[in-house]
Every structure is written in C-alpha cells, then in structure tokens.
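Chemist: Residues per chain, in single letters:
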Amino acid sequence: MIATKLCKRLLIRLEGVRIVRDVLLEVENMHKAFSKHKVLKGVTLHIHHGETFALIGGNGAGKSTLMKIISGLENSDHGEIRMNQVPVTFSSPNEAHRHGVHLVPQEPLIFPNLTVEENITIGIQGHQKTLQKNVREVIKNVGWDFNLQQTAIELSIAEQQLVEVTRGLVRKAKLLILDEPTSTLTFHETRMLFETMKQLNTQGIGIIYITHRFSEIFKIAHTVAVLRDGKVSLKGPVRDFEYTDLLDALTAKQSMGLSNAPAQKTTPKNEDRILDVQNLSNESFHNISFSLSKGEVLGLAGIVGAGRTELAEALIGITSVKEGTIQFHKRKMNRLSVRKRMNEGMVYIPEDRHKNGIFSIQSVQSNLNAAQLHQLSRFLISKRKERLSGLHYIDKLKIKTEHALQRVQQLSGGNQQKVVLGKYLALSLKY
Amino acid sequence: MKTFLLYLLQRRELSIVCFMVIFVLFVGTVNDDFLQLNSMSLLLSASIILFIMAIGQSFVLITSNIDVSVGSTMGLSAAVCGTLLMQGVSTWIVFLTVIAVGATIGLLNGIGVSFLKIPAIIMTLGMLGMARGAMLLYTEGMWIDGIPNSYKQLARVELMTLPLPVWVALAILLISYLLLTKTKRGRYFYAVGDNAEGAKSVGLPVRRVTLIAFMISSVSASIAGLIFVMNIGFVPNTAGSGLELQVIAAAVLGGVSLTGGVGSVVGAALGAVFFTIINQSLVYLMIPAYWTNAISGLLLLIIVIADTKFQTFIRQRAKKRVPKPSPSLKQGVNSE
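Protein chains in written order, with the numbering used here: chain B, 273 to 703; chain F, 305 to 640.
Among these hints, one or two may not hold up.
For lysine to any residue, the following SDA-like pairs were computed, each having C-alpha atoms within a straight-line distance of at most 25 Å [claimed, not checked]:
#1 B:Lys446 to F:Lys504
#2 B:Lys602 to B:Leu570
#3 B:Lys491 to B:Gln378
#4 B:Lys405 to F:Thr487
#5 B:Lys594 to F:Phe614
#6 F:Lys504 to B:Leu570
#7 F:Lys488 to B:Glu426
#8 F:Lys504 to B:Gln432
#9 F:Lys613 to B:Pro384
#10 F:Lys504 to B:Gln400
#11 F:Lys504 to B:Gln421
#12 B:Lys604 to B:Gln682
#13 B:Lys444 to F:Arg489
Hints listed in this document are in silico derivations from the structure and should not be mistaken for laboratory results. This one's a predicted model, so the numbers in the text were calculated from it and none came from an experiment.
Let's have the full structure, built from the sequences with the hints guiding it.
Modeler: Spelled out as structure tokens, the structure:
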C-alpha cells in the first residue's frame with residue numbers, strides 16, 4: 273500500500289508536476305435515486321490538490337448526476353462530501369463556488385449579449401475595478417489573449433469554454449470539473465486546453481476531467497476512475513492501467529444488453545450500393561461524395577462545426593442542398609420531403625435527443641410510435657396496433673421501463689436513446 | 305457606407321433618433337402646423353404615460369418575459385387614485401396607496417411566473433382580466449369625474465419650462481438607466497434574459513430578479529395612472545385598455561428584444577416618444593384616429609420580423625469570423 277503510494281508520487285514527480293499531498297475533495301459513499309431508479313449506488317472518490325482526475329463511464333452510469341451533486345445542482349440522498357477534510361453540503365451552485373468547486377459544463381453557458389468581462393465577473397461580489405484587475409491577472413497567468421470588451425456572441429466554442437474556466441479561476445476555484453470539454457474543440461484547441469490544465473495543476477488546483485476519449489486520459493490524467501451502473505468499477509493511478517483495462521471496466525455493463533462482439537468487417541461489394549452521394553454542397557459543406565453499401569457502417573468524423581450534422585440533415589432533407597445528388601436505392605432523393613424520404617426507408621437519429629429526439633413528457637409507447645403514426649392508422653389510431661408495436665420494441669431493444677406508458681422523461685439517458693432508436697426502427701427501414 | 309449603416313442599426317438609440325427626425329420632417333412637409341413648437345411640447349406631454357410604462361416594460365422584456373397586464377394596472381391605479389382624491393384623502397397617501405396597488409399586482413405576476421412557473425403571457429393575461437374586472441367592480445362601471453383642481457394643477461407646475469410629469473418621467477428614466485447599466489444588480493436582468501440556465505449556474509438569484517422586473521413594470525403602470533388622472537382630469541372606465549399593445553410596441557421599437565437580454569431603457573423611452581409622434585401625426589396627415597391600433601400592431605410585427613432577420617445576420621457574420629478548424633486527424637481519437 274505504502275509502496276504504491278510512494279510509487280505514484282515518484283511518478284508524478286517525474287512528470288514534473290508538483291503535487292500537494294493533502295486530499296482536496298472526498299466523496300464518500302454517495303447514493304442517489306430518481307423515483308425508483310437508483311443512479312448512484314455508493315460512490316467513493318478522493319481527489320488531491322494539483323491532480324487531474326479522469327472520470328469515465330457510459331451513458332446512464334451516473335457521471336453527470338455525481339457531478340451535479342458535487343457542484344451543488346442536485347442534492348444527494350445519502351453520502352458525504354468533504355472539502356479539505358471539512359464536511360460540506362452544497363444546496364446551490366453558489367455555495368459550491370464559495371467552497372471553491374466550479375463546474376465547466378459541456379456546452380458553455382455563456383451570456384451572448386454581455387461582454388466577456390461581464391460574463392466572467394457576473395455574480396461575484398466586489399468592486400468592479402478590483403474584479404477587472406483580478407480577471408486580467410488570471411488571464412495573464414494562464415497566458416490567454418482575450419478582448420474583455422467584446423460581446424460573447426463573437427467567441428468560438430473553445431473561447432467560450434476558456435471564459436467558463438476563467439469564471440472558475442476568478443472565483444478562486446480549488447476544484448474545476450471539466451465535463452467533456454474536448455468534444456467541442458479542435459485538436460489544436462485541445463492541446464492548448466491541456467497546457468492550461470497542466471499549469472493549473474502546478475498551482476495546486478484539482479481537476480475532475482470527464483471524457484469519452486481514452487487517449488486523452490493517458491495524455492493528461494494522473495488518476496482515473498470508471499463509473500459503471502452507479503458504482504466505481506475501477507480506480508487508481510493512470511500508470512497502473514492499460515487501454516483494455518479501462519475498456520473492460522467500462523463495458524462489462526453491455527453484457528446485460530446487446531452482445532459486445534466487434535462489428536464484422538467485410539469488404540462491401542460494389543453492386544450492394546444503396547446510397548450514393550455525389551458532389552453535395554451547400555453553405556455548410558462543400559463537394560461531398562461517398563457511397564454506402566448494404567450492411568456497411570460509415571463513420572463520419574469531424575469536430576463540432578465541421579458540418580457533420582449539416583450533412584446528415586441535408587441527406588434526410590431537413591436542409592436543402594445547393595448542388596449535387598443523393599441517390600438512395602437508385603432513386604434520386606433531392607426533391608423529396610423528409611416524410612417521403614422516411615417512407616423510402618431512410619431515417620435520421622439526431623444527436624441532441626432532448627431537442628430533436630424525444631417527446632419527453634409523453635409515454636414510451638407514444639414515442640416509439642411517433643414516427644410511424646401514418647402507418648398505424650387511416651383516420652383513427654388503432655390502440656391495439658400501437659400497444660403491440662410499442663411492446664415489441666421495448667422488448668427488442670431491452671428498454672428499461674416500468675411499463676409502456678411511463679414518461680420518457682423518467683428514463684435514464686441510455687434508455688431514452690434506445691427509445692429514439694426504436695422510434696425510427698419502427699418505420700420499416702430499407703436495407 | 306454599409307458599415308456605417310450597420311453601426312447605426314446596432315446603436316438603436318441613435319438610429320431611432322435619426323428615424324424620428326426624418327419622420328417629423330416628412331410630416332412637416334405635408335403639414336407645417338406639425339412643426340410648431342406648441343404641438344411639439346403637447347406631443348411630449350402626451351407621450352409621458354407611454355414613456356414611463358415602456359421603461360417599466362423593458363425590465364420584464366429584458367428578462368425574457370412579457371407583461372400584458374400593464375394597461376389594466378394603469379386603469380385600476382387611475383381609478384383608485386380618482387376615488388381616493390374624491391374622498392378627500394391627502395395627495396401623498398393617494399400616491400403611496402396607488403403605488404402599493406401596482407406593487408401588489410407586480411408581486412402576484414412575479415410569484416406566478418418565477419415560483420409557480422406559469423408562462424408570463426398567461427399569468428399577465430389573467431392579471432389583465434382581473435385588474436380590469438377589479439377596476440369595474442371598484443368603480444361600479446362609472447366614470448370618475450370632478451377630480452379636485454389642486455391635483456390637476458400639479459400637471460401644470462413647471463420647473464424650467466417643463467411640466468412636473470415630464471420631470472417625473474425623466475427622473476424615472478435616469479434612475480432606471482443607472483440601475484441597469486451602472487450597477488451589478490442591473491446586469492442580472494440582462495443575464496437572466498440572455499441565458500437563464502447560465503445565470504443559475506453562476507449562482508444568480510434568477511427567480512428574485514424576475515419577480516423584481518414584474519414589480520417594476522407594474523409600479524411604472526401605477527405611476528402612469530397617477531399622471532393620467534393629473535393630465536386628463538377624469539377616469540373613464542376604459543382607461544388604459546389596449547395600452548399594453550402600445551407599450552410593448554414602443555419598447556420593441558426602441559430596440560428592446562422580445563427574446564430577452566437586449567435593449568436599453570433609453571431606447572424604450574425614445575421608442576415611446578417616436579410612437580406617440582406617429583400616432584399624433586395621423587391627425588396632421590388627415591388619417592382617422594381609428595388607425596392607431598392597427599398601426600401599433602403592424603409596427604410591432606414589422607419591427608420584430610426585421611429584428612429577427614437582423615439578429616440572424618449578425619450571428620452569421622460572427623460565425624464567419626471564426627477561423628475554420630483544421631481537418632487534421634493525425635492524432636486520432638479513441639472513442640469508447
């Protein structure tokens with residue numbers, strides 16, 4: 273035990289990061305349930321001064337709930353939080369700020385019409401002049417370049433995130449929680465963020481780093497914890513683990529659902545082509561050509577703002593294309609409406625399920641049937657068909673719900689996503 | 305030239321003054337009576353009620369809500385003011401009571417919207433009916449006539465050639481301007497309207513700010529009611545009905561955005577003046593006064609549509625300035 277501790281310190285020393293030995297935040301035996309659904313089942317984590325602590329976990333593993341509790345957005349049912357060995361409870365973000373805990377959300381919560389400076393200092397007590405001096409100092413310390421007087425609407429997402437971090441630093445944060453910060457950043461911006469994180473570590477600031485990208489953990493984190501099904505399934509110094517260890521700890525969960533076998537990779541034959549996109553262009557993307565064959569999974573990579581969503585929306589017909597052709601099963605789709613394209617057997621599952629994917633206060637059954645309503649009825653909806661179809665997909669996708677008429681809102685994130693998927697599967701797809 | 309126009313459009317207070325001057329000159333060429341100093345000062349006095357209420361409404365609009373109850377609140381306040389004066393209650397007590405009436409209505413609106421989570425339009429629409437009903441019950445549908453002269457004289461008290469109500473309006477403008485732009489709490493109104501979720505996450509008292517905005521709006525309507533009685537000298541039972549449309553249109557004309565977070569009280573006040581000019585000019589342009597409501601509504605819609613288009617244009621321009629991300633994928637990304 274002592275040996276591993278010494279080892280860890282030594283390793284961290286070798287990395288050139290000064291680590292203060294004291295523990296900063298202790299989360300002890302944390303429990304939380306929403307109605308009957310248990311989200312956290314006794315989570316214990318210790319984060320030290322000057323440490324970057326990576327937290328990973330699948331959808332619905334309880335990451336976001338845990339972070340909400342730590343940052344004062346949610347109350348826990350049972351369990352204890354200690355800051356610098358003093359027990360604390362945060363009933364509001366304000367209180368968490370006062371104790372030096374600051375959450376940087378995945379999507380920056382910026383006031384677009386206020387200036388950068390106002391965005392940073394809003395809500396802090398104190399004189400404006402001293403605050404301004406404070407902000408300048410913080411920004412200089414981490415080596416950023418901001419025009420404090422420009423309105424925040426003009427900032428890129430990366431800059432908005434830095435504003436969020438600065439908000440925390442100006443409030444003398446001792447613990448920063450970064451919720452998947454790199455999902456919206458370019459590689460260059462990610463590198464810059466990592467530089468900043470390392471620098472903040474040397475100042476003794478602890479960072480909880482939530483991510484989906486394993487490579488980043490090995491690059492930046494000192495310690496890692498994996499959450500699975502509301503419990504910590506693996507925890508320890510990053511050096512002790514390999515890529516596969518993390519993967520195992522993360523994915524054992526999937527055994528309850530779909531099989532975990534890797535996708536079969538067969539080279540698609542040319543004659544099986546079902547989708548053909550030629551020289552597609554509009555305001556958001558330029559000259560895109562690709563084809564998709566039967567049974568093929570085509571990955572579309574790019575950072576936020578590169579035009580992926582826009583391309584997908586153009587394929588399904590939500591937005592129009594300026595040039596190029598979309599051919600699906602040898603049929604030209606360019607002029608068809610979304611509804612017609614769906615009837616042809618092409619569907620789009622949007623990335624933001626809250627905004628575009630689910631009808632949150634409707635039942636699971638209604639959601640599953642929402643896209644195929646016109647197939648269920650001529651004039652009145654057949655109750656029986658609706659129920660059968662609903663139960664079929666609940667069973668097929670193993671959606672965890674109390675009954676078919678439960679509100680989708682009350683389901684966990686992962687199960688909501690299954691409902692979205694089921695909704696489109698219900699429209700007999702063409703392959 | 306194009307950038308100059310953009311600059312002008314973004315500084316709403318400036319552009320509205322320009323439009324106003326152009327409009328006044330236009331009406332003046334049609335009918336030069338309009339340019340008389342006399343009719344000008346009459347015009348300013350006529351705009352006072354709208355002026356004060358548009359300032360109050362701005363607070364609510366900036367927090368991304370709407371208050372459609374202000375017309376009735378103004379009517380009820382005027383009725384209370386009138387009856388109390390007729391009963392011989394002293395002026396100061398009348399002032400305090402009427403303002404208390406407004407504050408109560410605002411408090412109820414605020415509690416409904418921020419604590420009971422009723423959409424602002426529904427809450428204040430209900431309040432519109434209730435306040436109007438309360439007024440009719442209170443006055444038994446009668447007009448209040450014969451306000452004591454001593455009270456009516458207040459409207460004619462002049463300080464440095466400007467009548468008292470104008471001074472009151474300017475004082476309200478100054479105070480709200482300072483509150484909104486120079487104090488920390490003023491920023492909260494903008495922040496709440498701009499991004500309520502964000503405001504919560506930085507620990508701002510979102511619900512309290514919303515509640516205060518509604519109270520300011522209702523109190524402004526009460527003050528307008530006091531001035532209404534002073535200026536007109538009697539209270540018809542329709543006092544203030546339909547006024548909410550003009551108030552909202554004036555604020556929006558002055559650059560206060562219906563989507564929240566944008567606008568200034570100076571703009572709203574100028575909007576009120578411009579709005580009154582448009583209405584008053586109808587007489588000089590030989591257009592029947594029945595057009596007033598139609599013009600208010602049309603103006604509101606035109607401005608809102610133009611504003612939305614302009615905002616998307618600005619956003620797109622802002623987006624274009626962001627450098628295109630480099631498509632390098634060399635480092636690779638491992639997803640779960």
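Chemist: Sort out whether glutamine 378 of chain B lies within 25 Å of lysine 491 of chain B, counting only the CA atoms.
Modeler: Given pair lysine 491 of chain B, glutamine 378 of chain B holds - Cα atoms ~20 Å apart, limit 25 Å.
Chemist: Lysine 604 of chain B and glutamine 682 of chain B: Cα distance at most 25 Å?
Modeler: Roughly 41 Å between the alpha carbons, so the hint for lysine 604 of chain B and glutamine 682 of chain B is violated.
Chemist: CA of lysine 613 of chain F to CA of proline 384 of chain B, is that 25 Å or under?
Modeler: holds (17 Å)
Chemist: For lysine 446 of chain B and lysine 504 of chain F, compute the direct alpha-carbon distance and say whether it is at most 25 Å.
Modeler: The hint holds at about 20 Å.
Chemist: Holds or violated: are the alpha carbons of lysine 488 of chain F and glutamate 426 of chain B at most 25 Å from each other?
Modeler: With Cα atoms ~23 Å apart, lysine 488 of chain F and glutamate 426 of chain B stay inside 25 Å; holds.
Chemist: With the threshold set at 25 Å, check whether the alpha-carbon distance from lysine 602 of chain B to leucine 570 of chain B stays at or below it.
Modeler: It holds: about 19 Å lies between the C-alpha atoms, which stays within 25 Å.
Chemist: Tell me if the straight-line CA distance from lysine 444 of chain B to arginine 489 of chain F falls inside 25 Å.
Modeler: holds (22 Å)
Chemist: Given the hinted pair lysine 594 of chain B and phenylalanine 614 of chain F, is their Cα-Cα distance within 25 Å?
Modeler: holds (24 Å)
Chemist: Does the structure keep lysine 504 of chain F and leucine 570 of chain B at a Cα separation of 25 Å or less?
Modeler: The given pair, whose Cα atoms are some 40 Å apart, is violated under the 25 Å limit.
Chemist: Does glutamine 400 of chain B sit within 25 Å of lysine 504 of chain F, going by the straight-line distance between their CA atoms?
Modeler: With a Cα-Cα distance of about 21 Å, the restraint between lysine 504 of chain F and glutamine 400 of chain B holds, given a limit of 25 Å.
Chemist: Is the straight-line distance between the alpha-carbon of lysine 504 of chain F and that of glutamine 432 of chain B 25 Å or less?
Modeler: Holds, at roughly 17 Å.
Chemist: Measure nothing beyond the straight line between the CA atoms of lysine 405 of chain B and threonine 487 of chain F; if it is 25 Å or shorter, mark the hint as holding.
Modeler: holds (18 Å)
Of the hints listed earlier, those the structure fails to meet are numbers 6 and 12, in rising order.
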